[in-house]
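Trainee: Take a look at the letters that make up each chain.
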Amino acid sequence: MSAPNRDMSYAAVMARKNEIMKASMGMDYNDFIQSPIAFDYERMMRETGYSIEDVARIQAESKVGNTPLFELRNLTEAVRSFAGPGKGARIMVKDEAANASGSFKARRASISAFEARKKGYKGVATATSGNYGAAVASQAAMRSLKCIVLQEVFDSRGVGQPEIVEKSRACEAYGAEVQRLSVGPELFYQLLMTLETTGYFNASLYTPFGIKGVETLGVEVAEQVRKYCGKDPDAVVITNAGGGNLTGTARGLIAAGCKTRIVACSVDLGGLHMASDTDFNRKSFTTGHTGFGVPFATWPDRVDVPRNAARSLRYMDEYQLVTQGEVFYVTELLTKLEGLERGPAGNTSLTAAVTLARQMDRDQIVVVQETEYTGAGKHHNRQLSFARENGIEVRVGDPRENVPGKVIVIPERLEQVRGMSQDMDKLRMSYLRNASKAHPVAQWSDGDFAFLAADLKEDLAWVKAAAGKL
Amino acid sequence: MSKIAKGTWVEIERVLLKPEERAPNLPEETRRCPYLLHISGFLQEDAAIGDTVKVRSLIGHEHTGVLKVVNPSYAHSFGPTVPELLRIGRRDNQ
Chain A
1 MSAPNRDMSY
11 AAVMARKNEI
21 MKASMGMDYN
31 DFIQSPIAFD
41 YERMMRETGY
51 SIEDVARIQA
61 ESKVGNTPLF
71 ELRNLTEAVR
81 SFAGPGKGAR
91 IMVKDEAANA
101 SGSFKARRAS
111 ISAFEARKKG
121 YKGVATATSG
131 NYGAAVASQA
141 AMRSLKCIVL
151 QEVFDSRGVG
161 QPEIVEKSRA
171 CEAYGAEVQR
181 LSVGPELFYQ
191 LLMTLETTGY
201 FNASLYTPFG
211 IKGVETLGVE
221 VAEQVRKYCG
231 KDPDAVVITN
241 AGGGNLTGTA
251 RGLIAAGCKT
261 RIVACSVDLG
271 GLHMASDTDF
281 NRKSFTTGHT
291 GFGVPFATWP
301 DRVDVPRNAA
311 RSLRYMDEYQ
321 LVTQGEVFYV
331 TELLTKLEGL
341 ERGPAGNTSL
351 TAAVTLARQM
361 DRDQIVVVQE
371 TEYTGAGKHH
381 NRQLSFAREN
391 GIEVRVGDPR
401 ENVPGKVIVI
411 PERLEQVRGM
421 SQDMDKLRMS
431 YLRNASKAHP
441 VAQWSDGDFA
451 FLAADLKEDL
461 AWVKAAAGKL
Chain B
1 MSKIAKGTWV
11 EIERVLLKPE
21 ERAPNLPEET
31 RRCPYLLHIS
41 GFLQEDAAIG
51 DTVKVRSLIG
61 HEHTGVLKVV
71 NPSYAHSFGP
81 TVPELLRIGR
91 RDNQ
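For the protein sequence lines, the chains are A and B, in the order given.
Using the numbering used here, the letters of the first sequence map in sequence onto residues 1 to 470.
Using the numbering used here, the letters of the second sequence map in sequence onto residues 1 to 94.
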């Protein structure tokens, strides 16, 4: 496809960003923007025009939602065998792999595809290397829409990350055109060009539609735990990358009146550069890691839409880190103890749940709110053998000796799965520093301060004191 | 070089950005590589490997690029067995 008479250089296409976005979503973010940092978030979410009931109905007709909640009795018993007296909370998992296309991402894609169809777009396009591509392709197939998925797949040697190669296959299986790209942030440039030349709907992960779609997941967790246990869960653990999973689930839990601790979790990939051609295939996780989780938490508006509807610090109480080796261990253990073979990225939050369950009382409940499908390329055996082929040392030992991009240490025993808590105040300060780069502190209005307080789940006094330290 | 027939499922490669046209602030090892697109489609005219050709993708969109692969396939797998995983959760050592 080509658009004659338009300058297609990197700088020229990026400069047309806002105009392309507006045409590709049928929505104008200027209606909500109040300052370089503040915008009317709740009004933006409301004006999508979809209630949670609407979303549930749309999802039911496209094979999404109402996934089972399972109690992991054997894993809980395994944790209790070494937890202190009276400790070892019940671990439950929401089997999101049961959605069409095999992950919770179908929830996000379902509303975008419905909206695109309703507004008369001929197709949808999205830039993602994760499960979301397959989700958009699957939902587009059901809504009779054409679909283009752009993926960052291979390094300069032409070697593809096996997990992303599997996503390419899945997208083509659902009938999508897959544009496989080399390493680089110019994925966004290619998305803008594609949207401009095709006139397709931008099925971004970060639109209000993408987040509204996940709210049903939070509502289902609340309703299922209440039905099964007669009370609310004490903690819900959510794998965090771009922040949409956490934001949508937390909003759903709140809508259901469920008071619970919202715990984020990411795989620690500290020290690896996300735009590096050589680091690209030294990562054994393509999502759910700190390379996305931390930058998106501390500055959500770095995405492919003018303002991000996924704002994780707005809802997060705690942020756990786990190592790659710990997740692979727990993934294998889930298979062996619970007879449930699922993909490693989806088991990131399960790994943190082991740490939390150990600290929590026996009568408490911790919910892992997703799983994902597994298979060739995605499977933890392939990720570990691929790591080995790329010069990463893989061994059994103490997971604290893990070094991202160099050594993967698989724990000897479940007891060694301990995770690590991130300093929330440090994350909030980092967010404020990023906000001050977008809009100098001296120019922050009362409205800006109120927005920042809500976005950080803090009170006004905290934000004012913190701003004084910048 | 043997001709590949029109209509064959093939993969093409196109340079989207030369190294000097790429985004600012890239790490050096990324900056020195061209930004590449690989895409599969049905060949529009008879051609040979290395020719610049047109293909039609699964959704019927036309793309131009250098013909690289005939009948592109997915060969990703579960990989060679990683023995370190076999010891986890076994009933004979619990």
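Derived from the structure by calculation, the hints contain no laboratory data.
Worth double-checking, as some hints may not be accurate.
To be verified - Heads up, simulated DSSO-like pairs for lysine-lysine below, C-alpha to C-alpha not over 30 Å straight-line:
| no. | chain 1 | residue 1 | chain 2 | residue 2 |
| --- | --- | --- | --- | --- |
| 1 | B | 54 | A | 122 |
| 2 | A | 17 | A | 63 |
| 3 | B | 54 | B | 6 |
| 4 | A | 122 | B | 3 |
| 5 | A | 17 | B | 54 |
| 6 | A | 63 | A | 119 |
| 7 | B | 18 | A | 17 |
| 8 | B | 68 | B | 6 |
| 9 | A | 17 | A | 87 |
| 10 | B | 6 | A | 22 |
What the hints assert, rightly or not - Distance windows between CB atoms, simulated:
| no. | chain 1 | residue 1 | chain 2 | residue 2 | range |
| --- | --- | --- | --- | --- | --- |
| 11 | A | 29 | B | 66 | 31 to 41 Å |
| 12 | B | 70 | A | 175 | 20 to 30 Å |
| 13 | A | 14 | B | 66 | 22 to 32 Å |
| 14 | A | 17 | B | 66 | 26 to 36 Å |
| 15 | B | 28 | A | 12 | 22 to 32 Å |
| 16 | A | 81 | B | 70 | 53 to 63 Å |
| 17 | B | 6 | A | 397 | 55 to 65 Å |
| 18 | B | 6 | A | 420 | 49 to 59 Å |
| 19 | A | 19 | B | 66 | 24 to 34 Å |
| 20 | B | 83 | A | 270 | 48 to 58 Å |
| 21 | A | 199 | B | 45 | 25 to 35 Å |
| 22 | B | 83 | A | 423 | 35 to 45 Å |
| 23 | A | 389 | B | 14 | 25 to 35 Å |
| 24 | A | 464 | B | 80 | 55 to 65 Å |
Stated by the list, open to error - Selected chain A positions facing chain B (Cβ under 8 Å, derived; list incomplete):
| no. | residue |
| --- | --- |
| 25 | 162 |
| 26 | 180 |
| 27 | 190 |
| 28 | 275 |
| 29 | 336 |
| 30 | 377 |
| 31 | 386 |
| 32 | 396 |
| 33 | 400 |
Please read these numbers as outputs of a predicted model, since none were measured by experiment.
Quick reminder that beta carbons are idealized off the backbone N, C-alpha and C, glycines included.
Trainee: Quick check on residue 400 of chain A please, does its C-beta sit within 8 Å of some C-beta on chain B?
Mentor: violated, 17 Å
Trainee: Could you tell me whether the CB distance from residue 14 of chain A to residue 66 of chain B stays inside 22 to 32 Å?
Mentor: Since the Cβ atoms of residue 14 of chain A and residue 66 of chain B sit about 26 Å apart, the hinted range of 22 to 32 Å holds.
Trainee: Tell me if residue 275 of chain A is really an interface residue toward chain B, meaning its C-beta lies closer than 8 Å to one of theirs.
Mentor: Constraint on residue 275 of chain A satisfied, holds at 6 Å.
Trainee: Has the given pair, residue 17 of chain A with residue 54 of chain B, been kept, meaning a C-alpha gap of at most 30 Å?
Mentor: Roughly 28 Å separates the two Cα atoms, so the pair holds.
Trainee: Below or equal to 30 Å on CA atoms is what counts here, so check residue 122 of chain A against residue 3 of chain B.
Mentor: This hinted pair is violated, its Cα atoms lying about 36 Å apart.
Trainee: Within 31 to 41 Å or not, the Cβ separation of residue 29 of chain A and residue 66 of chain B?
Mentor: holds, 39 Å
Trainee: Hold the hint about residue 162 of chain A up to the distance rule: shortest CB distance to chain B must be less than 8 Å.
Mentor: holds, 5 Å
Trainee: Does the interface hint hold: is residue 377 of chain A within less than 8 Å of chain B, judged Cβ to Cβ?
Mentor: This hint holds: residue 377 of chain A lies near chain B, its Cβ roughly 4 Å from the closest one there, short of 8 Å.
Trainee: Measuring from the C-beta of residue 180 of chain A to each C-beta in chain B, is the shortest one below 8 Å?
Mentor: holds, 4 Å
Trainee: Minimum Cβ distance from residue 190 of chain A to chain B below 8 Å?
Mentor: holds, 6 Å
Trainee: Could you tell me whether the CB distance from residue 81 of chain A to residue 70 of chain B stays inside 53 to 63 Å?
Mentor: holds, 56 Å
Trainee: Does the Cβ distance between residue 17 of chain A and residue 66 of chain B fall inside 26 to 36 Å?
Mentor: Check passed, 30 Å falls within 26 to 36 Å.
The structure fails to meet hints 2, 4, 9, 10, 20 and 33 from the earlier list, while all remaining hints are met.
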